[in-house]
Amino acid sequence: MGIIGLSGCGKTTLALGICGLLNKKIVGILKGQVNIFGKSVSDFTLAQIGSKVGLVFQNPDNQLFSTTVFDEIIFGPENLCLQKQKIQDRAQRSMELTGIQNLANRAPGQLSGGEKYLVAFASVLSLNPDIFIIDEVMSQLDFENVQRVKKIILELKNAGKSFIIIDHELSRLDIADKLYLMIDGSLRPATRKDIEEYYKELLSNLDRTFNADTFEWSERT
3 MGIIGLSGCG KTTLALGICG LLNKKIVGIL KGQVNIFGKS VSDFTLAQIG SKVGLVFQNP
63 DNQLFSTTVF DEIIFGPENL CLQKQKIQDR AQRSMELTGI QNLANRAPGQ LSGGEKYLVA
123 FASVLSLNPD IFIIDEVMSQ LDFENVQRVK KIILELKNAG KSFIIIDHEL SRLDIADKLY
183 LMIDGSLRPA TRKDIEEYYK ELLSNLDRTF NADTFEWSER T
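According to this note's numbering, the sequence shown is numbered sequentially starting from 3.
These are computed hints drawn from the structure, not numbers from a lab. All C-beta atoms, glycine included, are put in the ideal place defined by N, C-alpha and C. One thing to keep in mind: the hints can contain errors.
Here are the simulated lysine-lysine pairs, BS3-like style, with alpha carbons at most 30 Å apart [to be verified]: (1) Lys54 / Lys180; (2) Lys159 / Lys195; (3) Lys163 / Lys88.
Computed Cβ-Cβ distance ranges for the label pairs, DEER-style [unchecked claim]: (4) Asn61 / Ser173: 16 to 26 Å; (5) Gly162 / Lys41: 12 to 22 Å; (6) Glu199 / Glu80: 24 to 34 Å; (7) Tyr201 / Lys180: 16 to 26 Å; (8) Lys86 / Ile185: 20 to 30 Å; (9) Glu157 / Gln103: 13 to 23 Å; (10) Ser173 / Lys86: 36 to 46 Å; (11) Lys202 / Asn81: 16 to 26 Å; (12) Glu98 / Asp132: 29 to 39 Å; (13) Leu23 / Ser141: 38 to 48 Å; (14) Asp179 / Ser114: 27 to 37 Å; (15) Gln90 / Arg190: 42 to 52 Å.
From just these sequences and the hints, can you work out the full model?
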């Protein structure tokens with residue numbers, strides 16, 4: 003499924019709630035209940051949720067902490083106590099899928115923004131969760147890597163995995179089976195009228211924040 007919504011409407015908060023981070027790692031008041039696989043997320047440990055739900059953060063710098071890309075990708079499987087060969091196989095497969103084999107010995111902090119997103123995605127792939135949450139990842143990638151990520155998602159969907167893809171651009175959500183709109187913390191199926199109003203508001207926000215005198219182009223990886 004795909005989720006669109008303006009900045010600040012609650013998309014990332016929803017993702018953190020599904021992963022069980024709101025009531026375990028992030029300070030705040032939590033109302034209501036989030037269930038996955040028939041149980042409240044509060045009944046799972048973070049390790050248990052991590053083997054079932056994988057989140058690629060909106061900001062990869064909040065997710066990457068190992069000294070090398072390879073160490074980053076094997077960190078998750080190691081904490082699942084898998085056999086060494088299986089860990090190696092998962093890491094190799096994840097790097098091949100995302101096309102980052104050449105980055106294996108690089109430090110994540112030395113990578114470009116797009117490369118960091120691919121490493122974060124690969125680290126979640128290596129966990130092999132049942133549910134993937136992709137939070138604004140493709141917005142930081144060039145066309146070639148957007149197509150690469152879409153291909154991976156479609157292959158895993160066909161293999162029985164579920165995806166929640168959060169984005170602000172509909173063209174990157176064309177692989178979603180269902181599209182939802184989030185407004186002020188509420189989620190609902192998106193209608194054509196909703197989408198039209200969403201883009202009007204998106205363009206209106208751009209008009210208010212765009213400053214041609216200070217604008218600079220940046221390259222995407």
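Now for the hints, and whether the structure bears them out:
{"no.": "1", "hint": "Lys54 / Lys180", "in the structure": "holds, 21 Å"}
{"no.": "2", "hint": "Lys159 / Lys195", "in the structure": "holds, 28 Å"}
{"no.": "3", "hint": "Lys163 / Lys88", "in the structure": "holds, 20 Å"}
{"no.": "4", "hint": "Asn61 / Ser173: 16 to 26 Å", "in the structure": "holds, 22 Å"}
{"no.": "5", "hint": "Gly162 / Lys41: 12 to 22 Å", "in the structure": "holds, 20 Å"}
{"no.": "6", "hint": "Glu199 / Glu80: 24 to 34 Å", "in the structure": "violated, 47 Å"}
{"no.": "7", "hint": "Tyr201 / Lys180: 16 to 26 Å", "in the structure": "holds, 19 Å"}
{"no.": "8", "hint": "Lys86 / Ile185: 20 to 30 Å", "in the structure": "violated, 48 Å"}
{"no.": "9", "hint": "Glu157 / Gln103: 13 to 23 Å", "in the structure": "holds, 18 Å"}
{"no.": "10", "hint": "Ser173 / Lys86: 36 to 46 Å", "in the structure": "holds, 41 Å"}
{"no.": "11", "hint": "Lys202 / Asn81: 16 to 26 Å", "in the structure": "violated, 45 Å"}
{"no.": "12", "hint": "Glu98 / Asp132: 29 to 39 Å", "in the structure": "violated, 22 Å"}
{"no.": "13", "hint": "Leu23 / Ser141: 38 to 48 Å", "in the structure": "violated, 21 Å"}
{"no.": "14", "hint": "Asp179 / Ser114: 27 to 37 Å", "in the structure": "holds, 32 Å"}
{"no.": "15", "hint": "Gln90 / Arg190: 42 to 52 Å", "in the structure": "holds, 44 Å"}
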